[in-house]
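Quick note, the sequences are listed as chains G and P, same order.
So the first sequence is numbered by our numbering: it starts at 1 and just counts up by one.
So the second sequence is numbered by our numbering: it starts at 1 and just counts up by one.
For the record, the hints were derived by calculation from the structure and aren't laboratory data.
Treat the numbers as computed from the prediction; the structure is a model and nothing was measured.
Don't take every hint at face value.
[What the hints assert, rightly or not] Okay, derived cross-link-like pairs now, DSBU-like style, lysine-lysine, Cα gap no bigger than 30 Å in a straight line: (1) G/Lys516 x G/Lys605; (2) G/Lys516 x G/Lys531; (3) P/Lys24 x G/Lys319; (4) P/Lys23 x G/Lys315; (5) P/Lys5 x G/Lys315; (6) G/Lys147 x G/Lys480; (7) P/Lys5 x G/Lys480; (8) P/Lys5 x G/Lys148; (9) G/Lys531 x G/Lys512; (10) P/Lys5 x G/Lys147; (11) G/Lys450 x G/Lys601; (12) G/Lys624 x G/Lys552; (13) G/Lys282 x P/Lys56; (14) P/Lys54 x G/Lys630; (15) P/Lys24 x G/Lys315; (16) G/Lys611 x G/Lys450; (17) G/Lys520 x G/Lys572.
Listed here are the chains, written in short residue letters.
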Amino acid sequence: MRILNNMPQWLGLILLSIFSNAARAGEGAVSAEYKWITFAVFGSIIALTMAITYWAAKRTHTAVEFYAANRSISGLQNGWAIAGDYLSAASFLGIAGLISLYGYDGFMYSVGFLMAYITVLLVIAEPCRNIGKYTLGDILAFRNDPKKAKTIAAITTITVSIFYLTAQMVGGGILVKTLIGIDYEVSVIAVGLLMLAYVVFGGMVATTWVQIVKAVLLVAASVVLVVLVWAPYGFSLPGFLNGVVHYEGVQQQVAKLLGSAATNMTPEELGQRFLEPGLFLKSPIDQISLGLALVLGTAGLPHILMRFFTVPNAKEARKSVMWAMVIIGGFYLLTLFLGLGAAINVGPANIAALDKGGNMAAPILAQYLGGGAHSMLGNFFLAFVAAVAFATIVAVVAGLVLASASAMAHDIYVGVIRGDHATPDEQVKAARISTLIVGIIAIVIGIAAKGQNVAHLVGMAFAVAASSNLPAVLLTLHWKRCNTGGVVLGMLVGAITAIALVMVSPNMTYPKDVVKAANKVLQGEPAVEAKPAVAAQPGEGFVCELFAACKKSEPAKPATLARPATPGAVEKLATLSTQLASITDAAEIAKTRNEIDKLEKAIKKARDDLKQYEGKTSIVGLEKPFFLLKNPGLISIPLGFLMVVMGSLLYRDPHAAEMWDEIYVRQNTGIHAH
Amino acid sequence: MTTTKMNWRAIDADPRFQALHRKKSRFLWGLMIFSMIYYFLLPIGTAYFQEIFKIKVWGPVNIGLLFALSEFVVAWLVAYIYSRKANTEFDAMAQDIVNDAHNLGA
Numbered sequence: 001m002r003i004l005n006n007m008p009q010w011l012g013l014i015l016l017s018i019f020s021n022a023a024r025a026g027e028g029a030v031s032a033e034y035k036w037i038t039f040a041v042f043g044s045i046i047a048l049t050m051a052i053t054y055w056a057a058k059r060t061h062t063a064v065e066f067y068a069a070n071r072s073i074s075g076l077q078n079g080w081a082i083a084g085d086y087l088s089a090a091s092f093l094g095i096a097g098l099i100s101l102y103g104y105d106g107f108m109y110s111v112g113f114l115m116a117y118i119t120v121l122l123v124i125a126e127p128c129r130n131i132g133k134y135t136l137g138d139i140l141a142f143r144n145d146p147k148k149a150k151t152i153a154a155i156t157t158i159t160v161s162i163f164y165l166t167a168q169m170v171g172g173g174i175l176v177k178t179l180i181g182i183d184y185e186v187s188v189i190a191v192g193l194l195m196l197a198y199v200v201f202g203g204m205v206a207t208t209w210v211q212i213v214k215a216v217l218l219v220a221a222s223v224v225l226v227v228l229v230w231a232p233y234g235f236s237l238p239g240f241l242n243g244v245v246h247y248e249g250v251q252q253q254v255a256k257l258l259g260s261a262a263t264n265m266t267p268e269e270l271g272q273r274f275l276e277p278g279l280f281l282k283s284p285i286d287q288i289s290l291g292l293a294l295v296l297g298t299a300g301l302p303h304i305l306m307r308f309f310t311v312p313n314a315k316e317a318r319k320s321v322m323w324a325m326v327i328i329g330g331f332y333l334l335t336l337f338l339g340l341g342a343a344i345n346v347g348p349a350n351i352a353a354l355d356k357g358g359n360m361a362a363p364i365l366a367q368y369l370g371g372g373a374h375s376m377l378g379n380f381f382l383a384f385v386a387a388v389a390f391a392t393i394v395a396v397v398a399g400l401v402l403a404s405a406s407a408m409a410h411d412i413y414v415g416v417i418r419g420d421h422a423t424p425d426e427q428v429k430a431a432r433i434s435t436l437i438v439g440i441i442a443i444v445i446g447i448a449a450k451g452q453n454v455a456h457l458v459g460m461a462f463a464v465a466a467s468s469n470l471p472a473v474l475l476t477l478h479w480k481r482c483n484t485g486g487v488v489l490g491m492l493v494g495a496i497t498a499i500a501l502v503m504v505s506p507n508m509t510y511p512k513d514v515v516k517a518a519n520k521v522l523q524g525e526p527a528v529e530a531k532p533a534v535a536a537q538p539g540e541g542f543v544c545e546l547f548a549a550c551k552k553s554e555p556a557k558p559a560t561l562a563r564p565a566t567p568g569a570v571e572k573l574a575t576l577s578t579q580l581a582s583i584t585d586a587a588e589i590a591k592t593r594n595e596i597d598k599l600e601k602a603i604k605k606a607r608d609d610l611k612q613y614e615g616k617t618s619i620v621g622l623e624k625p626f627f628l629l630k631n632p633g634l635i636s637i638p639l640g641f642l643m644v645v646m647g648s649l650l651y652r653d654p655h656a657a658e659m660w661d662e663i664y665v666r667q668n669t670g671i672h673a674h
Numbered sequence: 001m002t003t004t005k006m007n008w009r010a011i012d013a014d015p016r017f018q019a020l021h022r023k024k025s026r027f028l029w030g031l032m033i034f035s036m037i038y039y040f041l042l043p044i045g046t047a048y049f050q051e052i053f054k055i056k057v058w059g060p061v062n063i064g065l066l067f068a069l070s071e072f073v074v075a076w077l078v079a080y081i082y083s084r085k086a087n088t089e090f091d092a093m094a095q096d097i098v099n100d101a102h103n104l105g106a
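Chain P extracted, bound-state conformation:
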């Protein structure tokens, strides 16, 4: 672990960090808002759209049940999409800044 004093302001102002910050914020909050809306559609649907939820589509399997199961798929998809993006893009961008951190604002 290094104890060298960092110039945090300089790193923060670096265009590479600003790019990471912009990309990451937009991506994360976008996914977060999408997931929250998708999740709350379930309680809202069971309360106010019961007639739709009761429609049978596959033997006794109704839309409500499929929708509940789709929440699992969406949760896993969101996790997969985020981790792919983080592993391939954000980590590399962050590593680039870390490698150069000591030189920034020195």
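If we strip away everything but chain G, and leave its shape as in the complex, we get:
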């Protein structure tokens, strides 16, 4: 173990050298002369987490230390750690980005992510703390057949974690590349190695403290940015929003999003429209489905559930959720100002130019507030936000890997294979080896998924958690007749339905659409005639709103004006190239060259897309989505519950019925809680 304990320092050195090389060679949003700042900031944060890991490794010798930090974490600390686990790069960068591009609709995500914790607080945290030991499998195995329950729980835990983790790895790789110019593969490997160091050596102790440090840094960075953005308006809400309404870039963005519907609107109406719903989320049924998956899925996320085993008792578990709600809620309130602040300082068009999804909104806002791309402070701010985003990804991945490794080692190896007869040493060894296996799988998947569309994976993780884990846990804890048959059937059907529906949903890549878009880029569009307004068309029933099997309702369409043909990129490039020869003004030449560069890139991308996708169908062989919602929750969650009920009624399991009194008394009183 002594060699192991010195390993974090070695790993730290290796990683620092990767970053120092990249900092010299790369080309990201940070300009070259200030790379050293990026290096210094990344270096200090990595060094800090390595010091934590070194300290934690000395305190991690037994299974309860490895999986549950010896149940020594306080409610307040655990609240910060839950926030650290939950505030992934997607919520920090993604939501701020959505708000900066679409205004109000982006903020709706913030609300859902916070409301999710009510379920966790009221029906999950305390009972699970009283009943469980280390994993989701422990809770389900309490009154159900232990081997069956642990096997199925391990399968869904690993499935949910791998989906979530792949999205983090791919998103993180792209992000770090855009920000500081480290190669995608290097970034994925760096995230993987760092995370492995925390988990393998420091177990839950290191993972918890890394989450806490990262959450504090994230909140601190956001508070500073919001103060800088809001102060010019004297911290007045209407004053700030007036600034948003009257900003020309916002008005242009709304006009662009509304298209021909914006023709008769005044600039002020356009600006105000940014603060009204409907610019991004268009299908109400889809929103309700997403809402369901969010508020019920969070309570079924294995890495969040696992956090409740780190506190000494149910009361501290309650306190953890309270603190988590204060921190997470406060943070999501800040996203409104971060997003709108980025919109009025940087401009939606500039944000979208860096990243179509708006993910760069917060980092670029930081650079702007610090004094811009050519100032030292601006680059320090950018480097700081980039480093926090990087730490966020590493920490979230660490939590996910720990959850999957515990399912593999504690549920499958110790519980099922060894029949709960493993020695303490063997248990810790199994945990560390499982972590290594999961970590290596994560790195391999992360690299293999380069360039893939992974936006559906986080939704899929929440949907599987909500349709599979939550019904099983909730009914095991609260329904007398629930038993092994119900848990196995419900979890299988819930998970498979959720995954299958996402595979045929609009989230997947449909090559026909990609080919169409690529051709539009290359060849432009023909002229369009003016069209009269069309009234809303009723569909053929509710089922038709969900599946592409019959006629869906169509919303009313306003009249559109005639549009002349637009030239394709190929034609534009030819025109610009001939123009270039006749321009003499140096500034004009630079501008035209820049345009030509952009066009050439667009053409190359369109041609690559054509080559890759022409004549192909989606992964499951579809030309267009069969399931019409982006999130399957509306169908898969009720189905998951229904199957737990049906399976329980059809299956006879006297043990589960016998254990009801015990599980019910124990979850409410905490008697015999470990």
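Mind docking chain P on chain G? Use the hints.
Showing chain P alone in chain G's frame:
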């Protein structure tokens, strides 16, 4: 940690436990249903009551924005109300049962 075998059935049947169970269930599921309804009013409102959400009440601040912000307040209030009730009432009731658990049904 005690390893004494408990008589779970007797504890479950104890009037004090039954009282805790009744009070807690009613309180928790009531709060849960209220929170869910309040939350889903937001997506329903943005989809079907856009005209109401667009009404400006405080400079450019409209009802939709205030409603979204009110969700934060409601979430925190629900958490506060629950934890107060749990800290002052449920914990004490549970502790009373725990203290007496070994004698029940022995």
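These are the hints, each one checked on the structure:
1. G/Lys516 x G/Lys605: Holds, at roughly 13 Å.
2. G/Lys516 x G/Lys531: With Cα atoms ~22 Å apart, G/Lys516 and G/Lys531 stay inside 30 Å; holds.
3. P/Lys24 x G/Lys319: 18 Å, holds
4. P/Lys23 x G/Lys315: With Cα atoms ~18 Å apart, P/Lys23 and G/Lys315 stay inside 30 Å; holds.
5. P/Lys5 x G/Lys315: Status holds; Cα separation ~24 Å.
6. G/Lys147 x G/Lys480: Holds. G/Lys147 to G/Lys480 sits at ~21 Å (cutoff 30 Å).
7. P/Lys5 x G/Lys480: Holds: P/Lys5 and G/Lys480 sit about 22 Å apart, inside 30 Å.
8. P/Lys5 x G/Lys148: 26 Å, holds
9. G/Lys531 x G/Lys512: 26 Å, holds
10. P/Lys5 x G/Lys147: 24 Å, holds
11. G/Lys450 x G/Lys601: The given pair, whose Cα atoms are some 19 Å apart, holds under the 30 Å limit.
12. G/Lys624 x G/Lys552: It holds: about 14 Å lies between the C-alpha atoms, which stays within 30 Å.
13. G/Lys282 x P/Lys56: At roughly 22 Å apart (the allowed maximum being 30 Å), P/Lys56 and G/Lys282 satisfy the hint.
14. P/Lys54 x G/Lys630: 26 Å, holds
15. P/Lys24 x G/Lys315: 15 Å, holds
16. G/Lys611 x G/Lys450: 18 Å, holds
17. G/Lys520 x G/Lys572: 13 Å, holds
Every hint from the earlier list agrees with this structure, and none is contradicted.
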